[in-house]
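Peer 1: Next come the chains, spelled out residue by residue.
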Amino acid sequence: MDYLKVLRNNNKIAYKTFYMGTDKQLAPDLTMRCVFNGNEKCSIGHRNLLLDSDSMLVLNKGTQYASCAGSEIPARSFAISFDEKFVADFNRSVRLNSRQLLDVQQNNGTLPELGETLYPFNGDLKQTVLHLKHHLDDGLDNELLINEYLHHCLITYHSLYNRQIYQKAEQLHILNRSTRIEMIRRLNLAREYLYSNFDRTIHLEELAENSCLSINHLLRTFKQAFGQTPHQYLTDIRLQKARVMLKQTECPVNEIVNTIGFENPSSFIRLFKKKMNTTPMAYRQSA
Amino acid sequence: MELKYFTLCTRNIDSEIDFCTGKLGFRVFKHTKILNQRQCTILVKDNGDKALMLIESDDKNKAGSTVILNTDDFLKDHFELKGVGVNFLSEPEYTMAGIAAAFEDPDGNRWVLIEERDYSAN
Numbered sequence: 001m002d003y004l005k006v007l008r009n010n011n012k013i014a015y016k017t018f019y020m021g022t023d024k025q026l027a028p029d030l031t032m033r034c035v036f037n038g039n040e041k042c043s044i045g046h047r048n049l050l051l052d053s054d055s056m057l058v059l060n061k062g063t064q065y066a067s068c069a070g071s072e073i074p075a076r077s078f079a080i081s082f083d084e085k086f087v088a089d090f091n092r093s094v095r096l097n098s099r100q101l102l103d104v105q106q107n108n109g110t111l112p113e114l115g116e117t118l119y120p121f122n123g124d125l126k127q128t129v130l131h132l133k134h135h136l137d138d139g140l141d142n143e144l145l146i147n148e149y150l151h152h153c154l155i156t157y158h159s160l161y162n163r164q165i166y167q168k169a170e171q172l173h174i175l176n177r178s179t180r181i182e183m184i185r186r187l188n189l190a191r192e193y194l195y196s197n198f199d200r201t202i203h204l205e206e207l208a209e210n211s212c213l214s215i216n217h218l219l220r221t222f223k224q225a226f227g228q229t230p231h232q233y234l235t236d237i238r239l240q241k242a243r244v245m246l247k248q249t250e251c252p253v254n255e256i257v258n259t260i261g262f263e264n265p266s267s268f269i270r271l272f273k274k275k276m277n278t279t280p281m282a283y284r285q286s287a
Numbered sequence: 001m002e003l004k005y006f007t008l009c010t011r012n013i014d015s016e017i018d019f020c021t022g023k024l025g026f027r028v029f030k031h032t033k034i035l036n037q038r039q040c041t042i043l044v045k046d047n048g049d050k051a052l053m054l055i056e057s058d059d060k061n062k063a064g065s066t067v068i069l070n071t072d073d074f075l076k077d078h079f080e081l082k083g084v085g086v087n088f089l090s091e092p093e094y095t096m097a098g099i100a101a102a103f104e105d106p107d108g109n110r111w112v113l114i115e116e117r118d119y120s121a122n
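Chains as they are written, first to last, in full-length UniProt numbering: chain A, 1 to 287; chain B, 1 to 122.
With the rest of the complex left out, here is chain A:
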């Protein structure tokens, strides 16, 4: 059942079913979006992003975006918008404990705009969101408890941001801070392009063009930041999708291979075995 919950401190939580029609929206505040059924296509300007059960999209306050279901299956999206004051309070508490973030965060007192991208949806953040959703589905009304979950969503997002953005930026061999920030922004465009198009062949030229970098510059800086080539990064995304499908569905391996964009079953099995030290079928049976 769809719902919109607006708390007294103006934090908002929306659970909504999307069909094929496009829904244009404005992120009212810092927003986290994830889907629990099907997948969702989100457009932010020229960026076309695919949101599925393994990914989460963070949107900055005021970002305009359009979303629709990514397949015939209706997408059930779960979105949390954090009121500006709630985020500011969180940032203050973080600054008391840590001086680790980029200057942009330190200066303006909000989570940085660089955070507006796709993230892997797993670990503590996913657990926190799942608990919250479970309680809201059951009709939880205690706003103090709901805000406790929301506070921990920010804690775990902050940690995710540090791992996915800040630490990657620190690995770039670029001394100038503003250049480094601009480079990680472009590399994020490349990264989210890989996440959103993992199921098809991606040429380096289009990846470079999409991230506003030359191929050589992309290859060099991507490896510095992420420790992998774009191709290796894409393979890891596909293998992660495969792991989820092996555990959560009964799809035959051949169908999984087609769905996640591998050229043939033998290369998939070889790469899976190399990564996981087991075969796809043995992995499925151990689930």
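Since the hints were made in silico from the structure, they are not lab data.
Glycine is no exception: its CB is placed at the ideal position from the N, C-alpha and C atoms.
Just so you know, not all the hints are guaranteed correct.
[What the hints assert, rightly or not] Label-pair ranges, simulated between beta-carbon atoms:
#	chain 1	residue 1	chain 2	residue 2	range
1	A	Glu205	B	Ala97	54 to 62 Å
2	B	Arg110	A	Ser93	19 to 27 Å
3	A	Glu84	B	Tyr94	19 to 27 Å
4	B	Phe79	A	Lys85	42 to 50 Å
5	A	Asp236	B	Asp72	28 to 36 Å
6	B	Pro106	A	Thr249	29 to 37 Å
7	B	Gly64	A	Thr249	46 to 54 Å
8	A	Lys5	B	Gly108	23 to 31 Å
9	A	Ala88	B	Asp18	40 to 48 Å
We have chain A already, so just place chain B on it with the hints.
Peer 2: Leaving out everything else, chain B in the frame of chain A:
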């Protein structure tokens, strides 16, 4: 053989029973005596198959023990425990095993509330 009880020594068994039943949701299963006819109380939780045995300690300077409480929803239980007056020693901590925080009972025994999480799929 199987593990039967977790024992917790206390210098004041009545206040420990009050804390465990009033704040932590245990109920008294029975009062009994074990070796050396020492008085003890067995506490259980309705949602678990483990039992806690409180034993009155004759050593007034005995250091506190540690009990691990597992939960499937740390934030909810942490919120509820704070609501009934349990004082946590620190803010919740994200660890390799999951999310956890510790508190002490009136007798100085340390309790750790933990939600174990499987990160292997990440």
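Peer 1: Hints first: check each against the structure and report whether it holds.
Peer 2: Hints and how they fare:
no.	hint	in the structure
1	A:Glu205 x B:Ala97: 54 to 62 Å	45 Å, violated
2	B:Arg110 x A:Ser93: 19 to 27 Å	26 Å, holds
3	A:Glu84 x B:Tyr94: 19 to 27 Å	25 Å, holds
4	B:Phe79 x A:Lys85: 42 to 50 Å	21 Å, violated
5	A:Asp236 x B:Asp72: 28 to 36 Å	30 Å, holds
6	B:Pro106 x A:Thr249: 29 to 37 Å	51 Å, violated
7	B:Gly64 x A:Thr249: 46 to 54 Å	49 Å, holds
8	A:Lys5 x B:Gly108: 23 to 31 Å	42 Å, violated
9	A:Ala88 x B:Asp18: 40 to 48 Å	42 Å, holds
Hint compliance for this structure: hints 1, 4, 6 and 8 are broken, all remaining hints hold.
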